[in-house]
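Asker: Listed below are the residues making up each chain.
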Amino acid sequence: MKSEAALQIEKRQRNNHDEVDLSVEIAGLKLQNPIMPASGCFGYGEEFAQIKGFDPSRLGAIVSKGTTLLPREGNPQPRIYEHKGGMVNWIGLENPGIDEVIATKIPFMAQFGVPVIINISGFTIEEFAHMAILLDPVKAVSAIEINISCPNVEGGRIPFGCDPLIAAEVVKAVREVTTLPLIVKLTPNVSEEMIGQIAQAVEIAGADAISMINTVKVENVGGITIGGLSGRPIKQTALNMIRIVRRFVSVPIIGMGGIYTVEDVVEFLKARCNAVAIGTANFSNPLVMMKLKDGLEKYCLENNITNLSQFHGAENH
Amino acid sequence: MDDFKIQACQARVRSNKEDAKNIFRLELEGCKMGIAKPGQFVCLAPLDHSSAMARPFSIFFYDMFAGFLVIYYKAVGKNTELMKSLQAGQSIKLWGPLGNGISSDGIPRLPGDLHKDIPVPEGVAAWLICGGMGFASLNLAIRELNQFFPRSVLFYGGKTKSEMVSLDKDPYRVNQEIIVATEDGTAGYTGLVTDLFVQKILENPGKKILVITCGPKPMMAKVAEICEGQEFDCYVILETIMACGIGVCLGCSIKTTAGMKRICHDGPVFDAKEVIWDEI
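These protein sequences, in sequence, are chains A and B.
Using my numbering, you'd call the opening residue of the first sequence number 1 and step up by one each time.
Using my numbering, you'd call the opening residue of the second sequence number 1 and step up by one each time.
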């Protein structure tokens, strides 16, 4: 007769055998699964935590809304418009500023026991570094996501992320002031030739991971002069650019852009993304991230995938 | 229920029919969402699979114990056109209740926002003023307020009679005086509901009135302006397109005299004094 302890071990082994290991490692962070919200589509988690059936502790990570050094009111109305099966937004980085984020938002985000990623947006290189200095000693922060899609006010308002040298300067400036893992979020509003160079430049400058893509620039849609398109219509652009960037860098990639279904998640993983972020899909189904986490687990079980790295290289180039 | 304020449900259609020209009444079952306050709304998942944004609808009537919900919609675009074809028994995904509504806990109080309760003094009459589809947002308020303001009045304005629903025949209505205004004179007062409002103020000199309004923006702005002149407390229920409906996307954020506010989360009920009409 087996002892109680031996039975327990056997049971655990059996369970482990049935379970899929969805965990991934990004920028030195261990995520329990590859599903996380895209910055700006999740606030700080406070609202989603109010929805029955949504459990933030089941996410791979929590990602904050874009934070700036000073509070910002954002843009006047209209700010959103449904377009081409996706949506255009022109929010203008409305946020309470880094001090308030550190004081009240990060403590909330930290309670779920999953990595907390803070997205920062600067209008000068100094602003990026300043925010990183403030975030560096905050224990609850697991990583910084650097949004280099915002306009560089000292550089003719051309986004930092549109020039490899300037993008690298931002990352270098942040790298110098913090030991926190750095995720650099790339804008797709550059040529296919350029995106690989920018990715390579930020990797050399110290990026531990790359997240892509940010929204795709559109002009004069629904009363919005310049906005960012997100959702289904940008999925192919995202995948194309990720495949290019994959050839240039070896750091992990968090893929995003029009992910709605488990099949979409698998497509991004096969394109050698290490994790995925869900943005616009949260709006038409607030439980979609829970559904994708469960669905991915089921997909792996049915397809004999025990580790997500098995997806890599499964795509025919 | 439990600690979660928002419930996602798979609702079943009980009935779906045209109640006035191009205005449809959708009755749904299986929506156990706990307590819903007047002014709160639900979001429906878009029926068109190429749509990205949630579809917000006012709660017209809601029985929390039965999980029975009634909403009204006007067929104006792809999704509302698809909604017209919903048949009894079909299911639709929705979540709610959303937003910050008017609360009543046995004391006649109206919350201006989440943190501020405004007591309503005795002897004040409640006038609810709606135009167009705004009636759908005020029905719960009528029911809630009726116990404190037995002689409250609903002003219901529309372009023409055929585009207005018969609120007096609604099975879930409470005994409530309804005064109708139509722009073309096909029913009730001929003219704008705001003109009728002014006329009734003049007929009741010195009367203290609490106003709640919902409808097209120019109408609400006018009602707010009249109330300010008369020193009436006025609450507006704002409506707009939303992407998420829960307060995360900031697509419906507006500048108010009390700072940036999300219509979906901080509202949709606002103290009229806070609203800067040019910012909407």
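Simulated from the structure, these hints should not be mistaken for laboratory data.
Glycine residues also receive a C-beta, built at the ideal position from the N, C-alpha and C atoms.
Please note: incorrect hints may appear among the correct ones.
What the hints assert, rightly or not - Just so you have them, the derived chain B footprint on chain A, three or more residues with Cβ under 8 Å: (1) 50 to 56; (2) 300 to 306.
Said to hold, decoys possible - Below, in silico cross-link-like pairs of lysine-lysine (DSS-like), each with a Cα-Cα straight-line distance of 25 Å or less: (3) A:K291 with B:K273; (4) B:K169 with B:K21; (5) B:K161 with A:K84; (6) B:K208 with B:K21; (7) A:K52 with B:K208; (8) B:K208 with A:K84; (9) A:K217 with A:K298; (10) B:K159 with A:K52; (11) B:K93 with A:K84; (12) B:K32 with A:K52; (13) B:K255 with B:K169; (14) B:K5 with B:K37; (15) A:K235 with A:K217; (16) A:K235 with B:K78; (17) B:K273 with B:K208; (18) B:K93 with A:K298; (19) B:K217 with B:K74; (20) B:K84 with B:K74.
Asker: Can you list which hints this structure breaks, lowest number first?
Answerer: 2, 3, 5, 6, 7, 8, 9, 10 and 13
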